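Chemist: The residues making up each chain are set out below.
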Amino acid sequence: MTAGTAQGGRPSGGGRSADGGVPGAGAAEPYRPSARRLARETYRRQRARRSALIAALSTGGTALVLYLVVVNSPGWERTRDTFFNAHYAWQALPEVLRGLRVNLELMAVCGVLILLFGLLLALLRTLQGPVFLPVRLLATAYVDFFLGLPMIICLLIMITGVPALRLTGVTTDPLLLGGAALVLTYSAYVSEVFRAGIQSVHPSQRAAARSLGLSNAQAMRYVVLPQAVRRVVPPLLNNLVSLQKDTGLVSIGGVIDAVYAAKIITSQTFNYTPYLVSALVFIMLTIPMTRFTDWTTARMNRRQHQGGTV
Amino acid sequence: MTGTTDDAVLRLEAVRKSFGEHVVLRDIELAVPAHSVTALIGASGSGKSTLMRCANLLEEIDDGAILLDGEEITDPRADQDAVRRRIGVVFQAYNLFPHMTVLDNITLAPRRVHGVAKAEAEARARELLDRLGLAAKAKEYPDRLSGGQQQRVAIVRALATGPRLLLLDEITAALDPELVGEVLAVVRDLKEQGMTMVLSTHEMGFAREVADQVCFLDGGVVLEQGPPEQVFGDPQQERTRQFLSRIVAAGRLAG
Ligand SMILES: Nc1ncnc2c1ncn2[C@@H]1O[C@H](COP(=O)(O)OP(=O)(O)O)[C@@H](O)[C@H]1O
Ligand SMILES: [Mg+2]
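Sequences listed follow chains A and B, in order. Position 178, counted from 1, in the first sequence is what the numbering used here calls 178; the numbers after and before it change by one each time, with no gaps. Position 76, counted from 1, in the second sequence is what the numbering used here calls 76; the numbers after and before it change by one each time, with no gaps.
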């Protein structure tokens, strides 16, 4: 069809592009996909179908092997009764869900506080000038300290140590103190995430903002931070999921959360199914959160970047 | 099915590319013979960069075909990495790797893709840098170079793998006149050595001098195409005349 169109000195190339020569006229005629395009699309569809089939087969095969290995293992009967007992599962579910409210509330309140405090710490560390040296030093020392301090020790200090001081006006509620411990520790983690994001923004961005007359703070607020925050959404989510699980640690102060509720039933019945129930509930909470961030970051990338095939 | 009796290094057949509703390229026909220079001219946004990105398989075309040495590279079965190994690209925005020194930018592909030994790759890189007047900048990082220097490093990076075809996208757009001269001299040298090149440019004087064939892109089609004397000297299309007269008014047809 286009065999050897010699590109001589003629205007408009030659061959088929000649009829598109008059501007406007070419745009009006409707486009019909060529045989080449249709063949290419057929091939792509076939390949997609084949990959889907292979994926389904390999997934199904893997699941089957796992199932057979588990079911045929010598201890399966006993394991099934102690971990997968429908009767105990139903008994535990409402208790676990009631306990879960504590986890969710802690996560929501602490999550917001951690984000704010973590961001503040990160920003304090970016302050420039000799006046702010003590602020920078304090923020750095705080982060170093709480990054290293094991979570469980921080919790114990807060829950048992603070009430022991018998300070007037300071709460002894293990839920509040446990929440405070979570905020103290996680803020240090999150501030490091924010700081990494801020540092990953190319210096040319700050230069461009400053040369438009924006102050250092304005450049941070309008140019650097928005880019930094977008980049660190996935690791922030990581921290949020981790926080969600660590909310269970406040049970060491006697607060009945989902894990503790399961533990109570287990200790009465000597059946471990309630633990499995609470585990499933936590996993169910995590999945929509990760899918949601995947979706938002993918959408952001599509809109901002040139894209292409690589 | 396609006649490949000629010696075209790059051939576009009825290439169509759109972004959503916006058709950027429609029915583009182009043949780039070996050892020739093809200049793409046209207003900003006329699809010059998109055409080159398609030729380097950075964008998937909607319809038509692109052939490299007579072999269809837009076939879904084609090995894209193998195709890109044969094409050198200099991007409009340089796209140097900021975390690597100039030397590492240049030797990355020869060493990691083509398996050239470090000493050999570096010797070759230094030789090229020297030729482009950048010998002193080998250990510098890209962000600390001037625009013209970055541009020349990008050219060296594209040349270091000995490509069959070189795509140069407005490589002088960001340079001052003095540097434009330097970079264009590099292109002239390459032409003398027989490199096959496709370049987009707003330097009409340069296109006239160095190109064997000039293509005027407008409204998604190649509106006019031919040897430079003809496209510049005796344009057949009204739109080409308009475009060229605007350029002349802007004082860029000199030379
Ligand atoms: N990734 C993209 N998504 C949507 N539109 C794009 C994209 N890349 C380029 N375009 C559009 O395609 C047209 C051609 O762009 P380009 O090839 O860069 O033009 P040129 O290089 O000739 O100035 C422009 O209108 C541009 O807005
Ligand atoms: Mg362009």
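Calculated from the structure, these hints are not laboratory results. Source: prediction; values computed, not measured. Yeah, the Cβ is synthetic: ideal placement off N, Cα and C, and Gly gets one too. Hints may contain errors.
As the list claims (entries may be wrong) - Example chain B residues on the side facing chain A (calculated, C-beta under 8 Å, incomplete):
{"id": "1", "residue": "ALA14"}
{"id": "2", "residue": "ARG53"}
{"id": "3", "residue": "LEU58"}
{"id": "4", "residue": "ASP63"}
{"id": "5", "residue": "GLY64"}
{"id": "6", "residue": "LEU67"}
{"id": "7", "residue": "GLU71"}
{"id": "8", "residue": "ASP79"}
{"id": "9", "residue": "ALA82"}
{"id": "10", "residue": "GLU127"}
Unchecked claim - Quick list of the computed label-pair ranges, beta carbon to beta carbon:
{"id": "11", "chain 1": "A", "residue 1": "THR309", "chain 2": "B", "residue 2": "GLY233", "range": "19 to 27 Å"}
{"id": "12", "chain 1": "A", "residue 1": "VAL71", "chain 2": "B", "residue 2": "ASP79", "range": "43 to 51 Å"}
{"id": "13", "chain 1": "B", "residue 1": "GLN242", "chain 2": "A", "residue 2": "PRO235", "range": "52 to 60 Å"}
{"id": "14", "chain 1": "B", "residue 1": "THR101", "chain 2": "A", "residue 2": "LEU97", "range": "37 to 45 Å"}
{"id": "15", "chain 1": "A", "residue 1": "TYR67", "chain 2": "B", "residue 2": "ALA93", "range": "48 to 56 Å"}
{"id": "16", "chain 1": "A", "residue 1": "ARG32", "chain 2": "B", "residue 2": "VAL248", "range": "48 to 56 Å"}
{"id": "17", "chain 1": "A", "residue 1": "ARG230", "chain 2": "B", "residue 2": "ALA78", "range": "48 to 56 Å"}
{"id": "18", "chain 1": "A", "residue 1": "ASN216", "chain 2": "B", "residue 2": "GLY133", "range": "34 to 42 Å"}
{"id": "19", "chain 1": "A", "residue 1": "VAL135", "chain 2": "B", "residue 2": "ASP143", "range": "23 to 31 Å"}
{"id": "20", "chain 1": "B", "residue 1": "ARG86", "chain 2": "A", "residue 2": "THR140", "range": "48 to 56 Å"}
{"id": "21", "chain 1": "A", "residue 1": "PRO33", "chain 2": "B", "residue 2": "ARG86", "range": "22 to 30 Å"}
As the list claims (entries may be wrong) - Residues on chain A that point at chain B, a partial pick, calculated with CB under 8 Å:
{"id": "22", "residue": "ARG44"}
{"id": "23", "residue": "THR286"}
{"id": "24", "residue": "ILE287"}
{"id": "25", "residue": "GLY308"}
Chemist: Output the indices of the hints that this structure fails to meet, ascending.
Modeler: 6, 7, 8, 9, 10, 11, 14, 16, 17, 23, 24
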